[in-house]
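2 protein chains.
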Amino acid sequence: MTQPLPLLERAAAVIPNGMYGHQNVVLLPEGMPQFFDRAEGATLWDDQGRSYLDYMCGYGPNLFGYGHKEIDDAYVARMRAGDTMTGPAPVMVELAEAMTAQVSHADWAMFCKNGTDATTMAMMIARRHTGRKTIVLAAGAYHGAAPWCTPLKGGTTPEDRANQIHYIYNDAESLEEAVRKAGSDLAAIFASPIKHDTFVDQELPDPEYARRARELCDEHGALLIVDDVRAGFRIARDCSWASVGVQPDLSSWGKAIANGHPISALLGADKARMAAATIYVTGSYWFSAAPMAAAITTLRLIRETDYLERTIALGDRLRAGLDAVATRHGFGLRQTGPSQLPLIMFHEDEGFGTGYAFCSGLLQRGVYFHPWHNMFISNAMTEADIDLTLQAADDTLRDVRAGPKPGPVEKLQILAQLAAE
Amino acid sequence: MTQPLPLLERAAAVIPNGMYGHQNVVLLPEGMPQFFDRAEGATLWDDQGRSYLDYMCGYGPNLFGYGHKEIDDAYVARMRAGDTMTGPAPVMVELAEAMTAQVSHADWAMFCKNGTDATTMAMMIARRHTGRKTIVLAAGAYHGAAPWCTPLKGGTTPEDRANQIHYIYNDAESLEEAVRKAGSDLAAIFASPIKHDTFVDQELPDPEYARRARELCDEHGALLIVDDVRAGFRIARDCSWASVGVQPDLSSWGKAIANGHPISALLGADKARMAAATIYVTGSYWFSAAPMAAAITTLRLIRETDYLERTIALGDRLRAGLDAVATRHGFGLRQTGPSQLPLIMFHEDEGFGTGYAFCSGLLQRGVYFHPWHNMFISNAMTEADIDLTLQAADDTLRDVRAGPKPGPVEKLQILAQLAAE
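Chains as they are written, first to last, in the working numbering: chain A, 1 to 421; chain B, 1001 to 1421.
Derived by calculation from the structure, the hints in this document are not laboratory data.
Hints may contain errors.
To be verified - Straight-line alpha carbon distances no greater than 20 Å define the calculated SDA-like cross-link-like pairs of lysine to any residue that follow: (1) K411/A to H373/A; (2) K1133/B to L152/A; (3) K69/A to E40/A; (4) K1153/B to T130/A; (5) K1133/B to E159/A; (6) K1153/B to G131/A; (7) K411/A to T1278/B; (8) K271/A to R1010/B; (9) K69/A to R1080/B; (10) K1133/B to P158/A; (11) K153/A to R1161/B; (12) K1153/B to A277/A; (13) K1411/B to Y280/A; (14) K153/A to T1130/B; (15) K69/A to A1077/B; (16) K1153/B to I1414/B; (17) K1133/B to T157/A; (18) K271/A to A1013/B; (19) K1181/B to A1139/B; (20) K1069/B to R80/A; (21) K133/A to L1152/B.
All values derive from a computational prediction rather than experimental measurement.
Could you put the whole structure together from the sequences, leaning on the hints where they help?
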């Protein structure tokens, strides 16, 4: 009798490289599971039945816990009544009303599927609004995976990135220099709400830089775009830049807005309404009703629960605890960004060896950490989960300290190669 | 006491133009409902509670009927177990195996959300595979709504459409001329499986043209891409060009593959696997498990039921019946394309006045037709539904014949203006 092939071999046969995109584990530490069978609250089970306390939250969507009954019930009820139809359901208007009521700069909403859809629409609307072409973006910032913005250039052309000028995040002077270079052709300034690039420390936005971005757009008649796909509703119950008192003209959303159900959104101010009304963008499932019903329930939980204060408190507890654990074992941690969006790396660990060893050790102890992408605290987590994590970190760092000093991670060179092309 | 605002006014306040994209009814005949509350089988109910026999099928996704219990149950069961997680579920591999088993040219699969995601990935993979930039496409064909392909150019730049050369669908000579122009830079030929452009008659593929496309790609080392997003599994239980004996290298899918649940796909031959493995494309919900479970059930129904023969027979019955009705009232119909993907227009109706009057009259009689976009027969329809439609058409055409001759539809000039920009 022949044995069934292992899942990874089957995947390698019918999916290029076995997997693609941000959920490909090829660049992650040894032992990170590629497939998960089940999810509940803050816990994932892989296809071998092993469970993990999950700090990635699906790379962002899980805000209120996997399988949240109230949100999922709203999805199912609307799906059973009618989901992808020949026109949208009234719930689309209700959701647009809820989003514009929630986000102070927003007068209108458009819904789509990918975060990339929303950032691409933002770019098109800015170009339509101004009649100009040049967009100014922070170097290294992630705004999606279409040819104009995907972080690796394979399969793209120089023309896909024509009309782009880069600046350094949080550096008002470099932003001014980029705007000067754009001259009379400035259509928009893109900004992430925080610097949440992979592989490097996160940075909170410097209020002076954020205000300067607003002023420069106003001076030049360009649009200010905040890409809140990843961090939206995790920093504020409003656009994340409400935290520094700056209102963009457009903001892109996704991930947490429906707790994992497939929907993204572009929100805009009245100023950009006419431009938004005269571009043609659409998708087969952009008008589907069920994810909109889930988003309305999620927004109600955002308004009515203390999820934000809770996730911040849990993140603070994790950060303080990890610092103490690391110090005890003689490691220096670089914990950056808002504590509810933690990025945790090690001092003097350019080759990520210690970070990978740390994640591998945590994984063996049932905790899923990421070595170079910001993580996410879910409202389904508890103080006991954090304490369990700290215990696992304590045990892991003791092992790492006792073992041979980890060398640089060779598989990251693959990425460096691809990025350099 | 103030009355609640009507839904359309509320929509106009919080959505640019009140609606956007292909489900915006602004260019459709008077009285076409913008919002639907409920869907079941082949029937839609608008937000006023009026019901319609729906020939648009959500613009394609509804193949086995709205609210198909078996498919939707598969979705819900997988959703409750875990949907958008930190990695895909094993069901992703099962679906890739099912799709590659079903579609004869396909050795691998990648899943995404929008049809546009799949066509964009196809373009990137062809460029990566060949190291060239030029893609050759049929003029007027719809391949999505990203800046490189959206049918209206507002918000796009000339650079977005650099490296594109157009040919005339079904015209082998014009295809050869386009390939000649591409010279040594030909990356891919795009082809719709049938000509299903809006506003003009549909055309089945001329086998000679399809074979020539294949030969030209082989001669030049370029990739042949069939965009089966709209027509996939409605013409064959394989890629639609299996019907003319031509195998593409890449094919894009969406719409019917999960009967309305949000998923699209790119399928490819081994030849293109390495290129597919070295582009970076992704999306927040591309790895979500629930739509994949729904797609697996849909694929089983595609294999095991006579849906294809049934929808063709129903389409044939509609086509023959409508011809007889039209002739009886002195109208000449242009019924083009496969009968299960009917496009129905009138002879001597350049201004679409008769077509709009026909659709309005059908709508009043509970039948939803589209005047200039191909329609879809769903397997949830019955012969009785077709006969009801023919009776409604008979009554409508008697009225149209008796009334004043309809003039050109002025609102279509808006579109002509936008398209010309």
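Please flag the earlier hints that this structure goes against, numbers listed from lowest up. Result: no hint breaks.
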